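Here the sequence shown stands for residues 18 to 532, numbered as in this note's numbering.
For the record, the hints were derived by calculation from the structure and aren't laboratory data. Just so you know, these numbers come straight off a predicted model, no measurement behind them. Nothing false has been slipped in among the hints.
No farther apart than 27 Å at their CA atoms in a straight line, the calculated lysine-lysine pairs in the DSS-like style are these: (1) Lys523 x Lys486; (2) Lys138 x Lys174; (3) Lys29 x Lys127; (4) Lys29 x Lys138.
DEER-style ranges, computed between Cβ atoms: (5) Glu105 x Arg497: 16 to 24 Å; (6) Ala434 x Arg111: 38 to 46 Å; (7) Glu287 x Arg111: 43 to 51 Å; (8) His176 x Glu353: 43 to 51 Å; (9) Pro238 x Tyr39: 38 to 46 Å; (10) Gly108 x Thr284: 44 to 52 Å; (11) Asp384 x Tyr39: 39 to 47 Å.
The beta carbon of each residue, even a glycine, is placed where N, CA and C say it ideally should be.
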Amino acid sequence: CRWRCGSKAEMKLEFHGHDERYIVEQSMMNLFPLEKPVYGAVEPGETDWCRLTAEETAAGGRVSGELHYSGAAGAAETAYILSGTAFEQEGQRRYAVAACFYLAFLDLMKALPEAARAAGKLVLPPWGMLTGVRPDKPVTWALMEGKSPEEAKAYLKAHYFVPEERAALALETGIVGYQARKRLAARDIDLYVGIPFCPTRCAYCSFVSQSVERSFGLVEPYVQALLAELRAGGEMVRENRLRPRTFYMGGGTPTTLSAGQLDAVLTALEESFDLSDCPELTVEAGRPDTITAEKLAVLKSHGVTRVSVNPQTMEDKVLTAIGRRHTAAETRAAMELVSAYHFPHVNMDLIAGLPEDTPEGFRRSLDECLAMGADNITVHTLALKKGSRILTEGLSIPDGDAVRAMLDYAAPALRAAGFAPYYLYRQKYMSGSFENVGWSRPGGECWYNVDIMSELCSILSFGAGGSTKMVEPGTNHIERAFNLKYPKEYTERPEKALQNQAAFAKFYADYVKDA
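Please model the complete structure; the sequences and the hints are all you need to start from.
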């Protein structure tokens with residue numbers, strides 16, 4: 018993250034016949050993690066630059082690229098045929114530019130000395146030229162179009178240059194996405210409730226969440242505003258004949274709320290929505306230091322089917338480094354307590370690449386989670402987020418090779434324990450440009466996670482920072498509406514959430530015409 022932390026490393030970008038800055042910048046983050054993009058004509062004597070030239074006729078076009086870095090050079094050329102709508106044609110141009118840049122990078126790497134590669138932290142990306150959040154979405158869509166699984170995987174490899182190992186992973190999760198889509202009707206939606214409070218703020222976190230230590234007085238007014246939003250949302254859903262299929266309460270840390278507050282929120286949910294076709298109710302218990310028998314009893318009484326206990330690590334020194342005020346022993350105690358309530362499913366989260374962690378420490382953490390009986394384990398890769406203490410305080414983190422070793426252990430260990438990957442996604446600035454993968458034993462899949470990551474249906478979000486996503490079934494047409502970010506402004510301006518609900522209703526009136 019050198020340029021993000023104030024360094025002056027720059028790569029000059031010169032464009033002719035196009036201005037595809039966004040896709041090239043996304044590719045640069047993937048391929049040249051230490052370089053900052055600057056734009057203009059390449060001047061004599063400049064050493065790090067790329068010139069991308071597009072030429073187009075009515076039928077199609079070609080893109081040529083020249084790439085220079087640390088005294089070495091690469092070049093490539095791509096061609097494209099224009100077809101379909103104007104929107105689809107724009108995607109064809111954008112792909113050609115991105116592919117040309119990526120192929121020029123591959124050509125450059127052949128000529129670049131190992132020392133220069135190491136100095137620039139240049140490696141072949143694990144996901145080829147893919148830069149987006151959802152690398153398995155092309156697989157799901159290919160299956161929906163009638164392609165076989167092998168054809169879908171071959172497309173990912175040929176079109177996006179994804180290596181076999183990652184393409185096989187995307188095929189597994191893409192098939193689950195395809196299966197999830199078949200279970201949904203046109204007016205099926207998912208519900209999300211956000212609780213933006215935590216006991217303390219973790220070093221890797223950039224979410225809009227408040228430390229309860231500093232903002233205890235905001236919690237009760239927030240809950241009251243949330244109850245009102247839920248009731249209004251339930252009325253809107255009934256009027257538009259929408260059917261909730263999954264419910265997810267996340268954060269922050271939902272169990273930062275008291276048992277009484279959790280009961281009030283879940284009661285409002287039950288009273289406001291018809292949940293008869295919503296078999297999946299998930300609550301992120303999250304931090305072990307917020308889990309009590311009283312709160313678990315409330316969740317159980319409301320029919321919650323899945324809880325998450327998210328240690329992130331079972332190494333005490335790593336917990337201290339990331340600012341968590343609990344120990345691994347408290348995680349073990351929390352899991353014993355959760356087990357006593359016999360929830361159908363239990364999830365645990367781990368993060369590969371945390372400050373002070375090692376491959377050996379990560380292995381111990383994963384082995385413990387497996388031993389504690391969770392049927393759903395999510396393995397995240399650390400993402401370096403703006404505003405997190407890891408960046409602002411310059412905390413030391415494992416390098417890409419160490420993170421790769423952690424993930425290389427996780428996959429076979431989970432498979433050996435009877436787990437399979439069922440959803441995946443990526444984020445910006447991830448260590449080693451890897452991925453986050455949800456693993457489950459058969460029947461333990463969290464369908465909300467699949468729905469939101471594969472963008473299979475609309476997500477109606479409640480609470481501060483909520484991101485409502487409106488999906489036209491069977492298409493890539495998606496619109497979004499955002500609640501106010503911060504708890505205080507959310508409680509003071511309830512009209513914004515009501516406006517978003519009105520936009521949700523209008524979307525279904527405009528784009529979903531079936532009965």
